[in-house]
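There are 2 protein chains.
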Amino acid sequence: MSLVVVGSMAFDAIETPFGKTDKIIGGAATYIAWCASNFTQPVKQISVVGGDFPQAELDALTARGVALEGVQIKKDEKSFFWSGKYHMDMNTRDTLVTELNVLGTFDPKVPDSYQDCEFLMLGNLAPAVQLSVIDQLKNKPKLIVMDTMNFWMEVALDDLKAVIAKVDVLLVNDSEARELSGEFSLVRAAQKIMTMGPKYLIIKKGEHGALLFHENSVFFAPALPLEEVFDPTGAGDTFAGGFIGHLARTKDISFKNMKTAIIVGSAMASFCVEKFGTERLREISKADIDARLNEFVQLVNFDIDLV
Amino acid sequence: MSLVVVGSMAFDAIETPFGKTDKIIGGAATYIAWCASNFTQPVKQISVVGGDFPQAELDALTARGVALEGVQIKKDEKSFFWSGKYHMDMNTRDTLVTELNVLGTFDPKVPDSYQDCEFLMLGNLAPAVQLSVIDQLKNKPKLIVMDTMNFWMEVALDDLKAVIAKVDVLLVNDSEARELSGEFSLVRAAQKIMTMGPKYLIIKKGEHGALLFHENSVFFAPALPLEEVFDPTGAGDTFAGGFIGHLARTKDISFKNMKTAIIVGSAMASFCVEKFGTERLREISKADIDARLNEFVQLVNFDIDLV
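Protein chains in written order, with this note's numbering: chain D, 401 to 707; chain C, 401 to 707.
Treat the hints as calculated values from the structure; they're not laboratory data. Keep in mind that the hints are not guaranteed to be accurate.
When chains are identical, the list treats them as one kind, so a pair holds in a single copy or across two.
Claimed, not checked - Cut-off 25 Å, straight-line C-alpha distance, at most; resulting in silico cross-link-like pairs (DMTMM-like, lysine to aspartate or glutamate):
(1) Lys605 - Glu627
(2) Lys592 - Glu695
(3) Lys478 - Glu583
(4) Lys566 - Glu679
(5) Lys566 - Glu554
(6) Lys561 - Glu583
(7) Lys605 - Glu674
(8) Lys605 - Asp574
(9) Lys656 - Glu627
(10) Lys475 - Glu499
(11) Lys566 - Asp516
(12) Lys605 - Glu628
(13) Lys656 - Glu695
(14) Lys656 - Glu615
(15) Lys485 - Asp703
(16) Lys599 - Glu695
(17) Lys538 - Asp516
(18) Lys509 - Asp568
(19) Lys542 - Glu627
(20) Lys656 - Asp690
As the structure is a prediction and not an experimental result, all values here were calculated from the model.
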């Protein structure tokens, strides 16, 4: 039984108030794989890249326990490329370039060796691609987690709703939750979105943490207050990778364990933003992760004796 | 030994997307007293009101264990009046009217019976008034907590810095922390502000919770996700009242107990915003408070087994 991840593997060029990169490795599935492979292996990847995608990058993922049988390599085409510039507050950014390239015609194929999928992570991608992966699986996974973004609400809302209806956990940010539900209050937005299909909803609030909703319960995970957010690219994907990675490792999909999984996701995201791209995720050890998780315990742990 | 509170007692007229009030009772010290009196009595109040301030309101505070010997009543003058209108997001507001009235010439007098002050809460008010109260106390209190706002940074920065240098705990919101420190990162802002005097800094982030800084430690308390914020007026004062109320009740000023005190403050603030003005604070029972504190435990409580 395994974790299957679908999403982009790509090039990014990033500009932040702290610096600027040339083309570096990015993509939702890349971040998810680098993160989740700390917790569970193999991570069975579904994606598409062009002939320009470095073999060394694929080898590094293989060495990390990421299965690439589901990654199509289109030798004569180019990989997806995104370029963006962050504003001073790091919460907003301008997209400078989007070149879909191989992603524009991506038709995902689920290899037979992925049919043991127990945990399915649908990284942010066209909803039709996400749906195709769900439909190709012969057995329903134990848990399907879906990430998405406002762009798909604007250009593919019907497709998006069709996927949302089939997933267990949906991940969106606060403004996306408001857009999808038409409700300003996040509590009301969550109630409405959970009637669309998902039993669990995670609303990410960036530096303000994340909320997990389920039935009438709510759990809050803070973001670690950082001196400096160097590059927020991939933080949401890394959060998703930590969340599903913890669940796949423990094979426990109770609400209680999802709380822990969100803390793990938050801790991993706090590493991601410390350097450009996936750089920090490649460096960290299990000891680093444990130390960071302990920081989260310290951050929110309190004793109370009622009045 | 006792809790002494200084701050305004006033009239407010409030407009929110949910409704509008005529003149109702407000003022920082009013909110603090209604809140803190749940945890400790007497609350020894220092303030000033005009002849228009209802005797019934003073009687209600007396019945609640609030000592009013330090509240000056200027029979021929009018009480401080503020009117404001909140925007849809409830985080921003326009001030429509500010009539200082009795507050413009307020010269606080600390009664002899307040000289047993152990906990001093300086509610948001002109820094010169806050300083005068500190200077009139013959013995240094065990803990001085100060609330302030951006207005004083703009019109009385030197006075403000003189008070900040003398307090143990400073309360500001995120934009005020940035303004006071000149640092965008809240972690850096906190480090800088703590060099100005306070050993503890609380940064309030409204619906995004609050951070407590002390030396190299940080604690985060979430705000309770609410379906509806009806009226945010007084939420910060109520937070301060819950914080100092818990500390005064337990007489424990350790960092560990301050964490709990921030949760108590957050819980009390979550009641405050449910109705206009002080209305909800007057209704709630100890059982309501305990139930709300339990909600906070559920909101942030998680188990972790390290990787």
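Comparing the hints with the structure gives:
| no. | hint | in the structure |
| --- | --- | --- |
| 1 | Lys605 - Glu627 | both (18 Å within a copy, 17 Å between copies) |
| 2 | Lys592 - Glu695 | between (34 Å within a copy, 22 Å between copies) |
| 3 | Lys478 - Glu583 | neither (40 Å within a copy, 42 Å between copies) |
| 4 | Lys566 - Glu679 | neither (34 Å within a copy, 45 Å between copies) |
| 5 | Lys566 - Glu554 | within (20 Å within a copy, 54 Å between copies) |
| 6 | Lys561 - Glu583 | within (17 Å within a copy, 42 Å between copies) |
| 7 | Lys605 - Glu674 | both (18 Å within a copy, 23 Å between copies) |
| 8 | Lys605 - Asp574 | both (6 Å within a copy, 16 Å between copies) |
| 9 | Lys656 - Glu627 | between (31 Å within a copy, 23 Å between copies) |
| 10 | Lys475 - Glu499 | within (17 Å within a copy, 73 Å between copies) |
| 11 | Lys566 - Asp516 | within (19 Å within a copy, 65 Å between copies) |
| 12 | Lys605 - Glu628 | both (17 Å within a copy, 18 Å between copies) |
| 13 | Lys656 - Glu695 | both (20 Å within a copy, 15 Å between copies) |
| 14 | Lys656 - Glu615 | within (13 Å within a copy, 33 Å between copies) |
| 15 | Lys485 - Asp703 | neither (43 Å within a copy, 38 Å between copies) |
| 16 | Lys599 - Glu695 | between (30 Å within a copy, 21 Å between copies) |
| 17 | Lys538 - Asp516 | within (9 Å within a copy, 75 Å between copies) |
| 18 | Lys509 - Asp568 | within (22 Å within a copy, 62 Å between copies) |
| 19 | Lys542 - Glu627 | neither (39 Å within a copy, 31 Å between copies) |
| 20 | Lys656 - Asp690 | both (19 Å within a copy, 22 Å between copies) |
The structure fails to meet hints 3, 4, 15, 19 from the earlier list, while all remaining hints are met.
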